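Enquirer: Just so you know, we're using our numbering here: the sequence shown kicks off at 1 and counts up by one.
Honestly, the hints are just simulated from the structure, not real lab data. Note that the structure is a prediction, hence the values are computed from the model and not measured. Do not rely on the hints blindly, as some may be mistaken.
[What the hints assert, rightly or not] Think about it this way: if two alpha-carbon atoms lie no more than 35 Å apart in a straight line, the pair counts; the simulated DSBU-like pairs of lysine-lysine are:
no., residue 1, residue 2
1, Lys158, Lys118
2, Lys51, Lys314
3, Lys167, Lys178
4, Lys296, Lys329
5, Lys296, Lys315
6, Lys329, Lys178
7, Lys51, Lys178
8, Lys314, Lys178
9, Lys211, Lys167
10, Lys314, Lys211
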Amino acid sequence: MADSQQKQSTADSPPLTLQPIGDPIFYDRVLWEARFSPQGRWLVGVGQDAKIVRWTVGDSTDENPTGLTAAESLTGHNGWLTGMVFHPTLEHLFTVDSWGQLACYPYAQATASEPLWKLPAAHDGWIRAIAIHNSGAQIATSGNDGVVRLWSTGDGAKVSEWTHGSKVMSLAFAPDGKSLVSGDLFGVIRQWDLERGEVVREISAAPLYQKHNNQECGGVRRLVFSPRGDRLAAIGQKEPRGGFATGIPCVMVFDWETGTVEREMPVGDRNDGFAYDAIFHRSGHLIACSSAFPRKGPLWLWHPEEEEAALIDKKLSNGFSLSPHPDGKRVALLICNAPNGNGRGLKGGEYPGGSSRIHLMQITPQEANDR
Numbered sequence: 001m002a003d004s005q006q007k008q009s010t011a012d013s014p015p016l017t018l019q020p021i022g023d024p025i026f027y028d029r030v031l032w033e034a035r036f037s038p039q040g041r042w043l044v045g046v047g048q049d050a051k052i053v054r055w056t057v058g059d060s061t062d063e064n065p066t067g068l069t070a071a072e073s074l075t076g077h078n079g080w081l082t083g084m085v086f087h088p089t090l091e092h093l094f095t096v097d098s099w100g101q102l103a104c105y106p107y108a109q110a111t112a113s114e115p116l117w118k119l120p121a122a123h124d125g126w127i128r129a130i131a132i133h134n135s136g137a138q139i140a141t142s143g144n145d146g147v148v149r150l151w152s153t154g155d156g157a158k159v160s161e162w163t164h165g166s167k168v169m170s171l172a173f174a175p176d177g178k179s180l181v182s183g184d185l186f187g188v189i190r191q192w193d194l195e196r197g198e199v200v201r202e203i204s205a206a207p208l209y210q211k212h213n214n215q216e217c218g219g220v221r222r223l224v225f226s227p228r229g230d231r232l233a234a235i236g237q238k239e240p241r242g243g244f245a246t247g248i249p250c251v252m253v254f255d256w257e258t259g260t261v262e263r264e265m266p267v268g269d270r271n272d273g274f275a276y277d278a279i280f281h282r283s284g285h286l287i288a289c290s291s292a293f294p295r296k297g298p299l300w301l302w303h304p305e306e307e308e309a310a311l312i313d314k315k316l317s318n319g320f321s322l323s324p325h326p327d328g329k330r331v332a333l334l335i336c337n338a339p340n341g342n343g344r345g346l347k348g349g350e351y352p353g354g355s356s357r358i359h360l361m362q363i364t365p366q367e368a369n370d371r
């Protein structure tokens, strides 16, 4: 097993607090993700209206505490936008959608621009996952067709194609640049050797899958490496059930060297739904968000070396994504309200539409607040 002394210990990592910065940013459609650019000068969101929504990130002022200012949205997709990644050095954004399209946009221009390139049929249908190599040279995509494809970021040329074998829901490149991991509906994580294009290991996240009432439920919804690559987090739902997709939000943290479970982090109850995203803070703590029914699904903070969560915030419910600012002091939490009309017509027979709020939060060590 990897030397535990190399992992950040809680003795050197005081608990963190998350304090709101200004009022939330409102958007009138459901977004799936909202993420800071690598240089921290842009915040970009994607979701159900097929638009790439942008805000510039400036200094905080009394009139604008968040420093966020809306910019013109980018267009060119037809289906729901299901994921995005930034190039680590170039101001290029890669987006995927539910119709199977992959596209590359210049995202940092003041006015809207056309994509640099796009592949309308990169996959046969819904793309559920996209990841970028830390070199910026390649991106990986996959989804309902169960095929993992690698593409050149420069022109969209296909580099490789591998068959995972079932619906892929998540992808992540290892920080050492040698491996790609793919997570599927059935709680299986496969490690691919990039040079050989072969599966070299399977890791089980079986608690995140269950067949219930003849429905295949759960899956590894997201995969996230710690910055140093010594831990891998698999994000989803423990003991998932069919019908209303009830289950307990859960993050499984693996020791990457051995592939063994280091910590299982179930938080909340059976009505709190899925954990949708998580990030490793530089302190070693993992911050995760979850969502299910309206006002269900907490935000939590947990260090993998601790037995229990350090913080569970039920007020910040319905979280879909978390994005740390490069300064390490702020995080953007995306919260979505997606009401279920369920056949109940409102005025004029119309159903309520979903909306989103982005909470900008200050990350502060507890000891700093106690001074």
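Enquirer: Are the Cα positions of lysine 158 and lysine 118 separated by 35 Å at most?
Expert: Between lysine 158 and lysine 118 the Cα gap is close to 12 Å, so the pair holds against 35 Å.
Enquirer: When you check the alpha-carbon spacing of lysine 329 and lysine 178, does it fall within 35 Å?
Expert: 30 Å, holds
Enquirer: For the pair supplied as a hint, lysine 51 and lysine 314, confirm whether the alpha-carbon distance does not exceed 35 Å.
Expert: With a Cα-Cα distance of about 30 Å, the restraint between lysine 51 and lysine 314 holds, given a limit of 35 Å.
Enquirer: Between lysine 314 and lysine 178, does the CA-CA distance stay at or below 35 Å?
Expert: 38 Å, violated
Enquirer: Check whether the Cα positions of lysine 296 and lysine 329 lie no farther apart than 35 Å.
Expert: 26 Å, holds
Enquirer: Lysine 167 and lysine 178 were given as a pair; does the straight-line alpha-carbon distance stay at or below 35 Å?
Expert: OK: lysine 167 and lysine 178 at ~23 Å, within 35 Å.
Enquirer: Can the restraint linking lysine 211 and lysine 167 be considered satisfied, given a maximum Cα separation of 35 Å?
Expert: 15 Å, holds
Enquirer: When you check the alpha-carbon spacing of lysine 51 and lysine 178, does it fall within 35 Å?
Expert: Holds: lysine 51 and lysine 178 sit about 33 Å apart, inside 35 Å.
Enquirer: Check the hint pairing lysine 314 with lysine 211 against an upper bound of 35 Å on the C-alpha distance.
Expert: 28 Å, holds
Enquirer: Just to be careful, I want the Cα atoms of lysine 296 and lysine 315 compared with a cutoff of 35 Å; is the pair within it?
Expert: 9 Å, holds
Hint 8 from the earlier list is the only one contradicted by this structure; the remaining hints agree with it.
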